[in-house]
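For the sequence shown, position 27 (counting from the first letter as 1) is numbered 549 according to this note's numbering, and the numbering increases by one without interruption.
Please note that a few of the clues may not be correct.
[To be verified] Here are the computed lysine to aspartate or glutamate pairs in the EDC-like style, where the Cα-Cα straight-line distance is at most 20 Å:
1. Lys-653 with Asp-634
2. Lys-615 with Asp-589
3. Lys-615 with Asp-524
4. Lys-615 with Asp-634
5. Lys-653 with Glu-630
[To be verified] The following label-pair restraints were derived from C-beta to C-beta distances:
6. Glu-536 with Leu-642: 32 to 42 Å
7. Pro-576 with Gly-527: 34 to 44 Å
8. Pro-576 with Glu-536: 40 to 50 Å
9. Asp-567 with Asp-634: 18 to 28 Å
10. Glu-540 with Gly-636: 13 to 23 Å
11. Ser-534 with Val-606: 37 to 47 Å
12. Gln-556 with Gly-668: 19 to 29 Å
13. Gln-641 with Met-525: 14 to 24 Å
FYI, nobody ran anything at the bench for these hints, they're computed from the structure.
For each residue, glycine too, the CB sits at the ideal point set by N, CA and C.
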Amino acid sequence: MDMTGSERIPASREVVYEALNNPEILKQSMPGCQELNKVSDTGFDAVVVIKVGPIKATFKMAGTLSDLDPPNGYTISGEGKGGVAGFAKGSAKVHLEQDGDATILTYEVHADVGGKFAQLGARMINSTAMKFAGDFFVNFNRAVTGEQGVPAE
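Using the sequences and the accompanying hints, generate a full structural model.
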């Protein structure tokens, strides 16, 4: 699965980059995130509950940041295991561009899923991924600008 998109965030590029590296902001922003821990300057672990159609699973994730180019962006890659529900792995290239008083965040995601999730079909997985990304950016925007966040599902 491949997905691209962009989001306009009403904050400077430096503030957005810092927020993208803040475990508390990421935890608040990620739907279903129960735990997110920074394990090194470029590594993190997370526990995320994901629901796709009738299947709900808890994924234990491990992620790494690479191609660090502060405050312009980075690449984030990771892998998660959800027991019998399957696995997910992928990467996202994140680029930040100043636009007046705001920042345009663009992303290119490539992800693979396997197990029961993969059996649900590409249409259901893609629509769930798009909803997840949309919810993440609504929450992230609110966290960066200090507004009240949307509760995770």
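So, going through the hints one by one against the coordinates:
Only pairs whose Cα atoms come within 20 Å are accepted, and Lys-653 paired with Asp-634 is accepted, the gap being roughly 17 Å. Of the supplied pair hints, the one linking Lys-615 and Asp-589 holds, its CA atoms being roughly 9 Å apart against a limit of 20 Å. At most 20 Å may separate the alpha-carbon atoms for a hinted pair to count; Lys-615 and Asp-524 meet this at roughly 12 Å. A C-alpha spacing of about 15 Å is found between Lys-615 and Asp-634, which places the hinted pair at or below 20 Å, so the restraint holds.
Annotation: proposed proximity of Lys-653 to Glu-630 holds, straight-line Cα distance about 16 Å (limit 20 Å). Remark: the range hint 32 to 42 Å for Glu-536 to Leu-642 is upheld by a beta-carbon distance near 40 Å. As the Cβ distance of Pro-576 to Gly-527 is approximately 27 Å, the hint placing it in 34 to 44 Å is violated. Evaluation of the 40 to 50 Å hint for Pro-576 and Glu-536 yields a pass: the beta carbon distance comes to about 43 Å.
For Asp-567 and Asp-634, the hinted distance range of 18 to 28 Å is satisfied, since their beta carbons lie about 20 Å from each other. For the pair Glu-540 and Gly-636, the supplied restraint of 13 to 23 Å is violated, since their beta-carbon distance comes to about 34 Å. The beta-carbon spacing between Ser-534 and Val-606, approximately 44 Å, falls within the hinted interval of 37 to 47 Å. Roughly 24 Å separates the CB atoms of Gln-556 and Gly-668, a value that falls within the hinted 19 to 29 Å.
In this structure the supplied range 14 to 24 Å holds for Gln-641 paired with Met-525, their Cβ-Cβ distance being about 20 Å.
In the structure shown, a violation is registered for the earlier hints numbered 7, 10, in ascending order.
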